[in-house]
Each structure stands twice: as structure tokens, then as C-alpha cells.
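Enquirer: With chain H fixed as given, assemble chain G onto it according to the hints.
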Amino acid sequence: MDIDWDLALTSLWPLIQGGLMGTIPLSLASMALGLVLALLVALMRLSSNKLASGIARAYVSVIRGTPLLVQLFVIFYGLPSIGLTIDPWPSAIIAFSLNVGGYAAEIIRAAILSVPRGQWEAGHTIGMSRTLALRRIILPQAARVSVPPLSNTFISLVKDSSLASLILVSELFRQAQEIAAFSQQFMLLYIEAAAVYWVICLVLSAGQSRLEKRLDRYVAH
Amino acid sequence: MSHTDPAPVLTVEGLRKSFGDNEVLRSIDLSVTSGGVVALVGPSGSGKTTVLRSLNGLEIPDAGRITFDGGPVVNFGSGAAKRELAALRDRSAMVFQHYNLFPHKTVLENVIEGPVQVQRRPKADAVRDAEELLGRVGLAEKKDQYPHELSGGQQQRVGIVRALALRPTLLLFDEPTSALDPELVGEVLSVIKELADEGWTMVLVTHELAFAREVATEVVFMDGGVVVEHGPPETVLRNPREERTRRFVHRLLHPF
Chain H
333 MDIDWDLALT SLWPLIQGGL MGTIPLSLAS MALGLVLALL VALMRLSSNK
383 LASGIARAYV SVIRGTPLLV QLFVIFYGLP SIGLTIDPWP SAIIAFSLNV
433 GGYAAEIIRA AILSVPRGQW EAGHTIGMSR TLALRRIILP QAARVSVPPL
483 SNTFISLVKD SSLASLILVS ELFRQAQEIA AFSQQFMLLY IEAAAVYWVI
533 CLVLSAGQSR LEKRLDRYVA H
Chain G
5 MSHTDPAPVL TVEGLRKSFG DNEVLRSIDL SVTSGGVVAL VGPSGSGKTT
55 VLRSLNGLEI PDAGRITFDG GPVVNFGSGA AKRELAALRD RSAMVFQHYN
105 LFPHKTVLEN VIEGPVQVQR RPKADAVRDA EELLGRVGLA EKKDQYPHEL
155 SGGQQQRVGI VRALALRPTL LLFDEPTSAL DPELVGEVLS VIKELADEGW
205 TMVLVTHELA FAREVATEVV FMDGGVVVEH GPPETVLRNP REERTRRFVH
255 RLLHPF
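Respectively, the protein sequence lines represent chains H and G.
Last residue of the first sequence: 553 (this note's numbering), numbering continuous.
Last residue of the second sequence: 260 (this note's numbering), numbering continuous.
One chain only, chain H, in its complex shape (with noise of 0.2 Å):
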């Protein structure tokens, strides 16, 4: 096979585009707000409060037991069918932040109770109420343990964002998608996404790296 390579050279452009404009922001968008309702579902299923731990633990049921793309395609083709249609980018950061939300809410639920049961007791027996040891003691314990399963969760988010190309985000994955079908160089562009995808990754990995450290300083070694 030869290689084009002054269509690799040109394509790349329009490719990390679709990164920083597509890919990027819809995983940030939605790995923000997912996050949001993750540490709200996730202290919901840890409520003694049986109708919210019960809607957080159905909620999660449903998110992980259906396939992404069915949840996008619900969205987007679905809705309209009862009468609500909803642009391709928002359809993509709902579909993307409520499945996060699903995924993430598990891991925060076990990082909480992650913590010894110990350090509650002391944030009680120095006056704080449940709502303060929670945010000013136990939560920033958990935050550390988190990381790395959130960070998977995001790194895993920035590759499935390539399913937005199919309710028409054109996101990267979209851009070497026409590029492709313009060109016939099916090979070529894949490949190049692939590589931009695996780019962005290592980025990623890195940034996760330095997150650590930061909230390691205060772990024995």
C-alpha cells in the first residue's frame, strides 16, 4: 500500500481540529457535569433515605446495564417522537454527562466509603455536622482515591465521544470519517484518528500522573 502522504499532511489539520473543537470540549462538558450528578447519586445511594437510595440505585442499573450508543440514539432520534428535539451537540452532553453520572456515581460511593469510620467520628466529636465532615473531612480522602478510577472513566469518555459521529457532532471522528469517504483512503484516516485519539490520551495520562502527586503529599510511603 502506498501512503499518501501529502493527504496525511493535510488531513491532519482538519483532524486535530475536530479534537480541540469536538472531542475536547464534549468530554470536558460532559465529564463536568457528569461528575456533578455522580457525587449527587452517589450520596443518594448512600442515604438512609430509601425512595433516594433507591431511584440512585435504579438509575445506575439502567445507565450500566444499556449500551452507550442506545442511550445517544434514544436521545437524539428517540425524543423527537414525543414531541422534544434536541440539537446533536446537547443530545451528545446529555446522552455522554448521564452515563458518566451512572459510572462515576459507583466509584465516588466507594471512595466515601473508603474512608475510616474513624474520621467521621472525628469531624463529629469537633462539632461538625454530617453535611461539613463530609465536604471539609471525608470528601477531599476520597477525592484521592478516585482519581485514577475517574480519570479511566474520562479517558474512556474521550474515546466513546467518537459515537457522537453518528448523531452528526463533528468531532474528530466525523472529520476522518468524510475526509475518508471524500478520499476513499479508508486506511490512512482511521489510522491518523486513532493516532490523534492516542495522542490526546497520553495527555490525559500525564495529567492524571501530576494529580496524583499533588494529592499524594500527604500519604505515607
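Hints listed in this document are in silico derivations from the structure and should not be mistaken for laboratory results.
Don't take every hint at face value.
[As the list claims (entries may be wrong)] Cβ-Cβ distance ranges computed for the label pairs, FRET-style:
1. H:Pro448 x G:Gly49: 18 to 26 Å
2. H:Asn484 x G:Asp129: 43 to 51 Å
3. G:Glu17 x H:Arg546: 48 to 56 Å
4. G:Ile64 x H:Lys545: 40 to 48 Å
5. H:Ile387 x G:Gln123: 33 to 41 Å
6. G:Glu17 x H:Ala390: 56 to 64 Å
7. H:Leu464 x G:Thr239: 41 to 49 Å
8. H:Glu544 x G:Ser48: 36 to 44 Å
These figures come from a predicted structure and were not determined experimentally.
Cβ coordinates follow ideal geometry from the N, Cα and C atoms, glycine included.
Expert: Same frame as chain H, now just chain G:
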């Protein structure tokens, strides 16, 4: 000089608590006078730690009453409200067996957390107080270190300072030296002794009978969820009236 007993700072009446079928407290009465040092001793499972934790709202008894002079009066059994548990914690502070320092905060941050975040005292005041207290237990130069960088004895001294910084009426110690290496026990006990000499009111659960004899104004011997006998340390620890107390003291003094 008056010989009338000072009014109790704390009165405990009829405290009961079960964990499932296991009745760990069967009606406990207790009182602590101002400046008094009450040592709770007894075999493990006797309920002494449960009594201590109840005073700090960390355990909720099934029945009974805890009264602090000047409030609160907390009646258990009718579902003690969160507000009442919080009121108990306003008056007392606990020093834990395993220190339970906040690992993500420096020594100084551990100490000022309660005063600043809960008691809303100005940070500068809280820091000044904390530094003064840390200096008194010989840890002034450790203030910016994290707990894992300290020895067990140092961590427990920070635990004591964290409790002191809240300016509680009553200090509670839950086996403060039993997690420590033997050579570190002395430094912690001498801090507690100093506090007793300064007139702090405290209740401590301990297995250190020699220490209890030296600092306690009253020793309470518990077994099987009841107070078997209580009184001055010379009496309870040297000439116990009850056979159970005698056996316990003998076993601790002559383990072999």
C-alpha cells in the same frame, strides 16, 4: 475551707444500650465534678468505651439521661435529636485510641479546623491558640507537617491539642495509649497528667492502672455493662470491696 462536694459538671443516669441482643450497658449512673478525673476501668466488653462515646454523642443510648451543668440535658429513648447530640459535642471533646487525625491536613490545620469551621472563631486567634497549645506539648516545630510524618506519640499529642483547642468543659480519652509502642506511652501520659494538674475535668478509659491510681480522683470499675464499684483510686485499686474488681486488678498487675 468548705468540705461540701462541688456540684457535678456532668451527671449520667440510667444509661442503657444494646447492640442487637447484646446488652452492653445495663443502667449506668455516673457523675463528674469540676476538675475531677474519672478513670473508667474494666475488662474489654465491659461497656466502658460505650459510656465514654455516649458522652460525646458518638453512641446513642437506648435510654437514660446525660446532664451537663448549664445544659444540655439529653434524654435518650425518645429519639435524641441531632441538635442534642451536637449540644453534647459542644461541651466535650474526644481523644481517640487511634488518634483519628485528619491525614490531609497539617498538624496546625488539624487543630484549628474545629475552632475556625465550627466555632467560627477568627482564624488568627485560632492559630495563635493552636501554636501556644502545640508549644506546650513540645510540638511547636511540627505544626506544618502532616500526621503521617509524626510518631504515634506525637500524633496522639496532636489529638489531645485538637481536643483542647475546642475549649470543652470535659475532655474524654478513649484508651489514649493502647495503640502506642511502649516507649511512647510515657510522653502521652505525662501530657494527660499535666492537664489533670491544671484542673481539666476529664473522663478516661484506660488499662494503665498505675496511671489511673496517680491521676484519677475517682475510679469506676465496670464489668458486664454495670458499675461494679467506684470510689477513690486507693480504695478501688488497692482494697477493692468486690471480688470481681479484686480479680481484675490482680490480673492486670500480675499477668503471668
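Enquirer: Assuming the hint says 41 to 49 Å, is it satisfied by the Cβ distance from H:Leu464 to G:Thr239 or not?
Expert: This hint holds: roughly 44 Å between Cβ atoms.
Enquirer: Starting from the hint 43 to 51 Å, judge whether the C-beta atoms of H:Asn484 and G:Asp129 obey it.
Expert: About 45 Å separates the Cβ atoms of H:Asn484 and G:Asp129, which means 43 to 51 Å holds.
Enquirer: Could you see if the CB distance from H:Pro448 to G:Gly49 stays within 18 to 26 Å?
Expert: 22 Å, holds
Enquirer: With 48 to 56 Å as the target window, see if G:Glu17 and H:Arg546 comply at their CB atoms.
Expert: Hint holds: Cβ distance 52 Å, inside 48 to 56 Å.
Enquirer: Taking the beta carbons of G:Ile64 and H:Lys545, is their distance inside 40 to 48 Å?
Expert: 42 Å, holds
Enquirer: So does G:Glu17 sit 56 to 64 Å from H:Ala390, Cβ to Cβ?
Expert: 47 Å, violated
Enquirer: Is 33 to 41 Å a correct range for the gap between the Cβ atoms of H:Ile387 and G:Gln123?
Expert: For H:Ile387 and G:Gln123 the Cβ distance comes to about 37 Å; the hint holds.
Enquirer: Kindly confirm whether 36 to 44 Å is satisfied by the beta carbon distance between H:Glu544 and G:Ser48.
Expert: 40 Å, holds
When each numbered hint is compared with the structure, a violation occurs for hint 6 only.
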